[in-house]
Structure formats: C-alpha cells, structure tokens
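A.B. asks: Model the placement of chain G on the given structure of chain L, informed by the hints.
Heads up: the sequence lines are chains L and G, in that order. When we follow the numbering used here, the leftmost residue of the first sequence carries the number 11, and every step to the right adds one. When we follow the numbering used here, the leftmost residue of the second sequence carries the number 648, and every step to the right adds one.
No wet-lab data here; the hints were simulated from the structure. Quick caveat, the model's predicted, so the values are computed rather than measured. Backbone N, C-alpha and C define an ideal beta-carbon position, used for all residues, glycine too. Among the clues, some could well be false.
Covered, in the sense of this in silico footprint (three residues per stretch, anywhere, with C-beta under 8 Å from a C-beta of chain G), are these stretches of chain L [as the list claims (entries may be wrong)]:
1. 147-156
2. 160-168
3. 250-264
4. 268-282
5. 290-297
Capping the alpha-carbon separation at 25 Å, the derived lysine to aspartate or glutamate pairs in DMTMM-like fashion look like this [stated by the list, open to error]:
6. K887(G) with E874(G)
7. K944(G) with E275(L)
8. K771(G) with D879(G)
9. K771(G) with D146(L)
10. K212(L) with D307(L)
11. K655(G) with D154(L)
12. K732(G) with E697(G)
13. K655(G) with D146(L)
14. K944(G) with E697(G)
15. K944(G) with D724(G)
16. K771(G) with E878(G)
17. K203(L) with D154(L)
18. K771(G) with D310(L)
19. K944(G) with D777(G)
20. K771(G) with E694(G)
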Amino acid sequence: MSQTTTGAGPSTPDVKKLGRAAAFAEFWHYFSINRGAVIGLVVFILLVLVAIFAPLLAPYSPDEQFRDALLVPPAWEDGGSMSFLLGTDPVGRDMLSRLIHGSRYSLFIGLVVVTVALSVGVTLGVLAGYFGGWVDAVIMRLMDIILAFPSLLLALVLVAILGPGLFNAMLAIALVLQPHFARLARAAVMAEKSREYVTSAKVAGAGHIRLMLITILPNCVAPLIVQATLSFSNAILEAAALGFLGMGAQPPTPEWGTMLATAREFILRAPWVVTFPGLAILITVLAINLVGDGLRDALDPKLKRS
Amino acid sequence: MLRYILHKLALIVPTVIGITIASFAFIRLLPGDPILAMAGQHGVSPERYEILREQFGFNQPIWTQYFQYVWGVLHGDFGISLSTKRPVIVDFLSLFPATIELSLFAMMLAVLLGIPAGIFAAVKRGSWFDQMTMGVALTGYSMPIFWWGLLLIIFFSGYLGWTPVSGRIALSYFFRPITGFMLVDTLLYGNWPAFVSAVRHLILPAVVLGTIPLAVIARQTRSAMLEVLGEDYVRTARAKGLSPGRVVNVHALRNAMIPVVTTIGLQVGLLMAGAILTETIFSWPGIGKWMIESISKRDYVVVQSGLLLIALVVMAVNLLVDILYAVINPRIRVR
Chain L
11 MSQTTTGAGP STPDVKKLGR AAAFAEFWHY FSINRGAVIG LVVFILLVLV
61 AIFAPLLAPY SPDEQFRDAL LVPPAWEDGG SMSFLLGTDP VGRDMLSRLI
111 HGSRYSLFIG LVVVTVALSV GVTLGVLAGY FGGWVDAVIM RLMDIILAFP
161 SLLLALVLVA ILGPGLFNAM LAIALVLQPH FARLARAAVM AEKSREYVTS
211 AKVAGAGHIR LMLITILPNC VAPLIVQATL SFSNAILEAA ALGFLGMGAQ
261 PPTPEWGTML ATAREFILRA PWVVTFPGLA ILITVLAINL VGDGLRDALD
311 PKLKRS
Chain G
648 MLRYILHKLA LIVPTVIGIT IASFAFIRLL PGDPILAMAG QHGVSPERYE
698 ILREQFGFNQ PIWTQYFQYV WGVLHGDFGI SLSTKRPVIV DFLSLFPATI
748 ELSLFAMMLA VLLGIPAGIF AAVKRGSWFD QMTMGVALTG YSMPIFWWGL
798 LLIIFFSGYL GWTPVSGRIA LSYFFRPITG FMLVDTLLYG NWPAFVSAVR
848 HLILPAVVLG TIPLAVIARQ TRSAMLEVLG EDYVRTARAK GLSPGRVVNV
898 HALRNAMIPV VTTIGLQVGL LMAGAILTET IFSWPGIGKW MIESISKRDY
948 VVVQSGLLLI ALVVMAVNLL VDILYAVINP RIRVR
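In isolation and in its complexed conformation, chain L is listed as follows (with noise of 0.2 Å):
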C-alpha cells in the first residue's frame, strides 16, 4: 500500500533515511507529470496566501456597510463602481473583502475537520486492524451505523442536536467523514500486519504500540494522504452546505456557505451576491481535488507501471 512495496521493505534506518530524497524526488517526478494537478497545488497554495494574508488584501473590513452602496453590481457592469469590484450586498458590505475573509474559513474548517477525523478515525482503524477479532467488530459495525446515514443528514441532525454554530458543524462533520479514515487504515493494517518485517520487529522485542504506530503506520500512510485531501474539500462542501440550511457559521460570518443563504432571496434581482461565493466554494474544491488525483497517481504504485 506504499512506495515500498515492492523493495525489500525499510528495514534499517539508514536505508530509510537515504530513501527518502529519492522517494520524494520520484513522488515528485509522478506528480507534476500531472498538469491539472500542478495547476490544482498553485491555486491551492494562493488561497492559502490570499487566507494568510486577508487582512492585508481585502480593501475593506468584511462587516463594513455601506449604507449608500446597496447591492451595486460588479465594477464591469452598468452601475457598478470601481471601489467595489465585485459588487456590495444587501446591506451594501464589499463582496470581495468578505469573499477574501471566507477564505480563512473554507481553509480552516478543512484542517481542523480533516486532523479530527484522520487523527480518530486512524487510531480506531489501526486498533480494529492490529488487534482483530471483537475490537474489530466492535469498532468497524459502529463505522458501518455511521456510514448507514446519509452523511449531510447526519451532520445536520448532530448540529440539531448541538445547536448551530461553525464549531459544532465542524465535529458533526468529523464524525460523520472520520469512518472512511478507520476503514482505510484498517485495511492497510491488516495487509502489513503479516509482513516478514512486522515479525521480525515482533521477535526483536517491540510492544504494541511500537508495532502499530512505528513499525506498521508509517507503510499504511499513502491511502490516507489521498483520503485526507479528499476529505479536505469534502469538509469544505459540507460546511458551504450545512452553513446555506443556516446549521453551520450563522450570519454575519463571511463563510461563503452562509453568505449563499443569506443572498438566496436575491437570486433574480442581484446574481452577484449569488455567483461569487458559489464560485469561491468551486474554485477551492477543484483545486484540491485537483491535487488529489494526482496524489493518487503519484502514490498508487499499480498505476505507475502504465
């Protein structure tokens, strides 16, 4: 289930070490021959500077009204302004200044959703897949309840159940994302657990936890990485999905989910307030998802051999 598959196994550090370089220079090699995810990695890593840097970038604070500037339109068209370039809503804030704020949202709540649920979801998939028997079944038949609900009903009954708000939109999607972790690493458990070098750590005296994180984790780490940038834009729709039922940041928070519900009356009267957070929220995806196809091509060693 990793690079190494097909060597011998990294059984001493030093190999190891020295395979390192060379492993990410081949990773590399395989992933920037995918031009879509190049393109994915650069966009993704301007978000992440436009969300770094938002205070500095967006003309405007996010929460300023402009009483006298009520839904202008965007600057090119008839009646827009260039001081707003992407026009003002409905309580004349600048779109572009909150559109830059939400940035820091999408982006955090992915990080924070997808550590929850990698972080859970590995250590109950590494237990069911390194100890069997009724820990398995145990942990892998409540994986299955939570993968039996749809997982935007899950999540939106969770925030009923918590109340509204971004924190608890956020756990509500950790949970309901985190099943997908456990039932990977418990795959991939399960395939080194029989390993000759699993064993030969075994003999040498390793514990239990040794054996799981050290010597077994680290080999079980490519399906994750793909699952985690997945689960990343996942994360990111589910949040713009819960926010627009108005379960997830409640107004006046620029989270781009929210900003949709808020403009939905507009539709007809005001496109803009509709099209550009949709957008954002389109963009973002895409250029994660983007990278991780090519994550996945770089890191599937049966595809490299085509």
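C.D. replies: Okay, now just chain G, sitting in the frame of chain L:
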C-alpha cells in the same frame, strides 16, 4: 445464491439494530429535557408536561423505552408528528414518491450520460474529448450543488424564462394522488398540459441532483474501462482480429460494468443527501425538504423517525445492489 443473500442479511442485522439505537438515542441526547426542547420557546404547562411524559414513555426505565420503541417500529408505528399531528409514516409515505421520482430521473440522467461518456473517454484516452470530459467530470464532482441549482435558476428561469422556479407542478393543477408520482398521475388522468408542466418542473432539480452521480459514474466508468482494456483477454480478442467495436462492447464493457454497478449503488446514500439540498432549493415537496423543515420546526419525532426510515431505505437499496452485483459477477457468489 440463497446462501449468499442470507449471509448478506445476517451481516446487516447488527447495523440495523445500531441504527435503531442511534435514532432512539437522538431525542434523549438533546441538551436539557427532551419535552421542553420539543416545546421550544412557548414552554409547556405542568399538566401537559406530565401527559407528554406519559405519551413518550419517558417515565419508564430506558430499556423498556427502547424495546417499546422497537416494538412500535416493527409494527409500523413511528410516532405522531408534533406539527402535523399525523402519524409520521403517513407523511413519509405521501412525500416519499416525490423524492423517488426526482432521484430516479437524476440517476437516469447520470447513468445514460455518464457511462457512454466514460467509455468514449477511455477508448480515446488522452484525446481532447477525454481531457474535456474528465475536466467537466471533476468540476461536477467538486460542485456545491446548492449553488449550482441557484445558478441554473438564474439562467433558465430568470434569464431565459424556460423553466419554473420551484414546486412539482403549476399551482393551477390539482390531482388526488393515485401513485404519488406526478408524471404517472397526470398521464393516468389523461391531462396532457399537466404532464408537460410536471416535466418542466422536474428538469432542473433532476439535473442538479444528477450532477455529482453523473461525474462519479463517468470517472468510474473510464477508469474501469482503462483497466479492462489493458487485460490479456482484450489483447487476445484484438489479436484475433475482432473489430474494435466488438472488443469494446462485448469483451471489455461487460467486465468494466462490475465496479460501475457498485458505484451506482453507492450513489443512493449520496442521492438522499443531495435530495436535502435540491429539494430545499426548488421547494420540491419530498423527504429532504420534510426533514429540513422538521429540524427547524423542532419536530423531533419526525426527525427521529425520518432518520431511521431514510437509513433503512438506504440499507435496503445497498443490499439490493449487493445481490445484483452477485448476479452479474459469479465470482462473488461462489465464495
């Protein structure tokens, strides 16, 4: 085959029990007192509180409550909606056809466009058609469909005026539902203009709901085809001098369809999630909109039972797909 089906059934039993526990726990997990939570801002009189407590059985031990709940569910008793005062199952059954109708058309769109697109992309690997199709597919896969729906409304309803903005049929038509499927009902009544109106109302929601499945199916078909086209038996078929059309349609396609069928089955759960958003945007009177409204109305009886019913439907469909999978792929059922 029967053994295979029984085996699959036995596997989902723990999950079904888990689902009932999850939906049972839902009302009891609400912060604070569940009855006060359901009553909302209006509050509730002490007498009424006792009646409700009695009615929901909250005064009994938790195990008794759970078994009563399961007993009720097994007898089709999913509780009484707090807002409509009708049995939840009655509301569910009257709204469900609308969601099935929408999902069915969305899925038809996705399958009828996605599979051919995927096949062509794989056969013409690397061509402009391949690159364009996969670009469009990835865009569709990344689409926030609630926004996509709004865009389509802006363009087709607002700008061009071709399609209605919301609902299932123009308000001037009213039918006593026979089957609950608007397209079937209007035809049964022989009302052609009503049928046309129903079709016009269905198009945009079906496109929106079908977008992500379409993208997923096209991508999956392409990669399954690529894998199969590289197999030895396809090379043999080519070497025998069979026409390219026969190699693709007979030798490759059949085997490539196996993972695609699984993918189509997996879309059903996603379809329910998509239905929540699509029905909300288009005011489509189905299960998704019903759930959202119940959540915002704090009708927790409906939320609890709706959650259970939807999960059961998704599981039933997945089981059906597993069986279908075994029918087309003998390797699975022999094991």
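A.B. asks: Which of the listed hints are not met by the structure?
C.D. replies: Numbers 9, 10, 19 and 20 - these are the hints that the structure violates, sorted from lowest upward.
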